[in-house]
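With chain S's structure known, arrange chain C on it following the hints.
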Amino acid sequence: MNNFNHYYDSETIRQVISVIVINEHNALSRIVGLFSARGYNIDSLTVAPITGSEYSRMTIVTTGDKRVIDQIVKQLNKLIPVLKVNEHKNVIEKETVLIKIPINQPISDVEVIARAYNGHIQNVTDDAIVISATDEPHRIANFTNIMNNRFNPLEIVKSGVVAMER
Amino acid sequence: MKMTGAKMVIESLNEERVDTVFGYPGGAIMNVYDEIYKQNHFEHILNRHEQASIHAAEGYARSTGKVGVAIVTSGPGFTNAVTGLATAYMDSIPLVVISGQVPTTIIGTDGFQEIDAVGISRPCTKHNYLVNKIEDLPRIMKEAFHIARTGRPGPVHIDIPKDITAQVGNFEYPKEVNLPTYKPTVNYNKRQLKKAMIAISKSKKPLLYVGGGAILANCGHEIREFAKKTNIPVVETLMARGIMGHDNPLLMGMLGMHGEFAANMAAYETDLLISLGARFDDRVTGRLDEFASKAKVIHVDVDPASIEKLVKANYPIVGDLKVTVEGMLESLKDIEFNDFSNWVALLKEYREKEPLRYIDSNTVIKPQWPIERVGEILGNKAIISTDVGQHQMWTAQFYPFSFPRQFITSGGLGTMGFGLPAAIGVAKGNPDKVSINFSGDGSILMNIQELMTCVQSNLPVINIILNNNYLGMVRQWQTMFYENRLSETDLSIQPDFKMLVESFGGLGYRVTTKEEFDAALKDAVEKKRPAMIEVIVERNEEVLPMVPNGHALNEMTLIGDIDE
Chain S
2 MNNFNHYYDS ETIRQVISVI VINEHNALSR IVGLFSARGY NIDSLTVAPI
52 TGSEYSRMTI VTTGDKRVID QIVKQLNKLI PVLKVNEHKN VIEKETVLIK
102 IPINQPISDV EVIARAYNGH IQNVTDDAIV ISATDEPHRI ANFTNIMNNR
152 FNPLEIVKSG VVAMER
Chain C
518 MKMTGAKMVI ESLNEERVDT VFGYPGGAIM NVYDEIYKQN HFEHILNRHE
568 QASIHAAEGY ARSTGKVGVA IVTSGPGFTN AVTGLATAYM DSIPLVVISG
618 QVPTTIIGTD GFQEIDAVGI SRPCTKHNYL VNKIEDLPRI MKEAFHIART
668 GRPGPVHIDI PKDITAQVGN FEYPKEVNLP TYKPTVNYNK RQLKKAMIAI
718 SKSKKPLLYV GGGAILANCG HEIREFAKKT NIPVVETLMA RGIMGHDNPL
768 LMGMLGMHGE FAANMAAYET DLLISLGARF DDRVTGRLDE FASKAKVIHV
818 DVDPASIEKL VKANYPIVGD LKVTVEGMLE SLKDIEFNDF SNWVALLKEY
868 REKEPLRYID SNTVIKPQWP IERVGEILGN KAIISTDVGQ HQMWTAQFYP
918 FSFPRQFITS GGLGTMGFGL PAAIGVAKGN PDKVSINFSG DGSILMNIQE
968 LMTCVQSNLP VINIILNNNY LGMVRQWQTM FYENRLSETD LSIQPDFKML
1018 VESFGGLGYR VTTKEEFDAA LKDAVEKKRP AMIEVIVERN EEVLPMVPNG
1068 HALNEMTLIG DIDE
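Protein sequence lines correspond, in order, to chains S and C.
Take 2 as the starting number for the first sequence in my numbering and just add one per residue.
Take 518 as the starting number for the second sequence in my numbering and just add one per residue.
Because the hints were derived from the structure by calculation, they are not lab data.
Each residue gets a CB set at the ideal place from its N, CA and C atoms; glycine is no exception.
Please note that a few of the clues may not be correct.
Footprint (simulated), chain C over chain S, 3 or more residues, beta carbon under 8 Å [unchecked claim]:
{"#": "1", "region": "64-78"}
{"#": "2", "region": "81-95"}
{"#": "3", "region": "136-143"}
Pulled out of the complex, with its shape left as it was, chain S reads as follows:
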């Protein structure tokens, strides 16, 4: 019997974790500090207050083997301001991207592609148009790639992932 090997073979997995935390100064840095101090990854992090409560919800996307993910959840639970940590198994994930494209690009194409990713033109000026899209993170990644390759965007801003159990 070996108590250790089962950890070493395990593969890297992507995990969406939501953390319910008391709104107080320092709470975000406590959580981010935990990740950096223990050498864990944060792929994306979003945070906003939960309406009508003294808590905020953070959605963290992270990667690691099973042992690392287990530790992340346990260590997060240990922080004093953390109320609840949820390792999501079956979730709806959404991410928003804003992309600014110079006006001299073939704009009709932009609109068509954007619509395929639930996107719209949000604003038009003399110099540029801004489109937004909200979709699953891997589709947003696709969309961002396509726009990047074809339209020389001036600026791309992504929101990070928000998630909810189905």
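Quick look at chain C alone, frame taken from chain S:
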């Protein structure tokens, strides 16, 4: 009742029945110190360095089981305290450390003696607070003590801006703590405990692996009872020394890098490792994938994050250790166990074949000898602190510890400079015991200024310096693993320790023979004054046995391997 923030700090400490505070004043904490001058609830011990204040509070907390308290100022006062906080955090020692901060109006402007104290203390405390409003102060004080002493204990830091300590507010100390996000598990899962007990009943070679958590949970008595009733042998970690008592027939000694042959072989051969408040530190396990590799694991810990951090646990149990071991004792009446006497006899055979030993000399004092000698003379009348290095391991190996909290040492962080200030806390908290600090000639110089604290506060700490004119443990590694290139470990030039302690106003002795040592120790104990006994010891003695880094516990270098 209306009062200033500074007065609130004092009143809160009084509510928590704090009798001793260690600290060092400065600009940002002066309002609090002004109230300390006026109060008569507790005694304040003035250290000479903030790091030492924290270590002294630790020595007090580790030896008495109470929460240790220290007060420091902002900026450098606080940054000096960080090593102490990290030491306490690694060993889960309950402390409340209060620091001054620049006024809220100055925070963020790089003011004089300003530092982001809560930012710095975050990774080395269990929790920390910056007090923004005077209304929060009583609640924060109450929460800090609660958090420090419950669950897995640890240090809590409170940073208080100077204007908050000057403001007047209403003081009402909360009766209860209301922290919806902090509810440490006390009671174990009964079904899980039952499964674990069945596993014990099926095993042939079970082993109790006891860690520092057993000391923190005050369950030495319960563990001794459980071992006695089941006849299961026990190994202790460095932090658990004293749990079983040195003469307990079921104790197979300390395990780990400098553990005993029998203890390490027990961990190698066991088929069921019962971990009680231990955390599988790399200094204990050696090569992790070979540690207890024939065994299933029962892992009891109050901290869920400790379970499966390093080792897969077949039977994880989260709960207060005292409560859990009581539960284990309770369930004994329903369960039949195997007869483990062959297993115990095998380990005893190992112990007799390869006992912990050193080869004494007639010409020079071997460093292990004074430790054994103090054990013979003072035994359980003394509480023993150490610094970090060879002397620390020899003390763990050769002192006859007979009760929990008798051995005060920096395990997790391995902080040089810990011993003398910790012994100050021990002396303050245990006036009926002799406070002995074993130190090396390297370690002692890291907080030597604390001799002044001993003298000023009349604390009869006896420092025994095992002087080999080396940074001994590093020298040992250089000898064994770096082809004897003694890079910066030769400390041939050292102060005259006798004159040094005398210049502080303490008693100084320099001894080179066993007779001189006995006389010096007798004199120091009788005179009840701060003392330092410098013992000139064999320069090149190694700490053995040793498991070289990256090796498995059964691959020990034994004393015979070196001498032959």
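Comparing the hints with the structure gives:
{"no.": "1", "hint": "64-78", "verdict": "holds (count 6)"}
{"no.": "2", "hint": "81-95", "verdict": "holds (count 4)"}
{"no.": "3", "hint": "136-143", "verdict": "violated (count 0)"}
Hint violations for this structure: number 3 only, all remaining hints satisfied.
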